[in-house]
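**Q** Sequence:
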Amino acid sequence: MYYSPSRNAFYHHALEPIYKQAGTWPADAIAVSDAEWVTYTQGDPPQGMQRGGDENGRPAWVPIPPARIEALANRKRREIEAARDAAINAGFTHTFGDTEDVVQTRQRDRENLTGLAVSAQRHAAETYYFRAQSNATYELTASEMLALADAAQTHVSQQYAHSWQLKAEIDTALEAEDRPAIEAINW
Numbered sequence: 429m430y431y432s433p434s435r436n437a438f439y440h441h442a443l444e445p446i447y448k449q450a451g452t453w454p455a456d457a458i459a460v461s462d463a464e465w466v467t468y469t470q471g472d473p474p475q476g477m478q479r480g481g482d483e484n485g486r487p488a489w490v491p492i493p494p495a496r497i498e499a500l501a502n503r504k505r506r507e508i509e510a511a512r513d514a515a516i517n518a519g520f521t522h523t524f525g526d527t528e529d530v531v532q533t534r535q536r537d538r539e540n541l542t543g544l545a546v547s548a549q550r551h552a553a554e555t556y557y558f559r560a561q562s563n564a565t566y567e568l569t570a571s572e573m574l575a576l577a578d579a580a581q582t583h584v585s586q587q588y589a590h591s592w593q594l595k596a597e598i599d600t601a602l603e604a605e606d607r608p609a610i611e612a613i614n615w
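Taking this note's numbering, the leading residue of the sequence shown gets 429, the next gets one more, and so forth.
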């Protein structure tokens, strides 16, 4: 068995003439033992390691290189967006009379709140019923319904503003090529 560090691949010795005839035999191929072949093709690498060539061109477990800084920044942006969406969906605490309850603000909840707010604008004398996360139903006046819809919009807007701030920090750190600063940015 042979190993090529430049291709990070093993080659069976019986196929060497075929590879050479095709002009694809790696110039840096070195003979390796069966034990090395088994270790580096059938075994799982230790945590944080991958197969690669050592300083002598032999197969070895080597550290996984850090992601390119652009890839790290993109991953952090996705993490921030996911955290933003989770924070939006979690909702916010609102006071209904003398009771506090959580108003969920998932997409469907926001659609419901918008519909209730439109109705409250058109029918100011009506009473509106709103069910919060606890499954308690609250009776609201039109102005209370509009205040609830405004509070929900404020909650969503605050989450977006926070995500924009963090993404701007990512962009600044990326421009400065400051990997530790990017890694430190969290929701």
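None of these hints come from the bench; they were simulated from the model. This one's a predicted model, so the numbers in the text were calculated from it and none came from an experiment. Every residue, glycine too, gets a C-beta built ideally from N, C-alpha and C. Each hint should be verified, as a subset may be incorrect.
As the list claims (entries may be wrong) - Derived DEER-like restraints, expressed as beta-carbon distance ranges:
1. Pro608 - Glu509: 15 to 23 Å
2. Gln586 - Pro454: 51 to 59 Å
3. Glu603 - Ile458: 42 to 50 Å
4. Ala450 - Arg506: 55 to 63 Å
5. Arg559 - Trp489: 54 to 62 Å
6. Glu554 - Ala495: 22 to 30 Å
7. Gly476 - Arg506: 20 to 28 Å
**Q** Between the beta carbons of Pro608 and Glu509, is the distance compatible with 15 to 23 Å?
**A** Hint holds: Cβ distance 22 Å, inside 15 to 23 Å.
**Q** Evaluate the given range 20 to 28 Å for the C-beta pair formed by Gly476 and Arg506.
**A** This hint holds: roughly 22 Å between Cβ atoms.
**Q** Given the range 54 to 62 Å, decide if the beta-carbon distance of Arg559 to Trp489 lies inside it.
**A** At 56 Å between Cβs, range holds.
**Q** Does the Cβ-Cβ separation between Gln586 and Pro454 fall within 51 to 59 Å?
**A** Because 57 Å falls inside the window, the suggested range holds.
**Q** Holds or violated: 55 to 63 Å for the Cβ distance of Ala450 and Arg506?
**A** violated (42 Å)
**Q** Check the following: the C-beta atoms of Glu554 and Ala495 are separated by a distance inside 22 to 30 Å.
**A** For Glu554 and Ala495 the Cβ distance comes to about 55 Å; the hint is violated.
**Q** For Glu603 and Ile458, compare the CB-CB distance with the range 42 to 50 Å and indicate the outcome.
**A** Given about 43 Å between the Cβ atoms, the range holds.
Checked against the numbered hints listed earlier, the structure breaks hints 4, 6; every other hint is satisfied.
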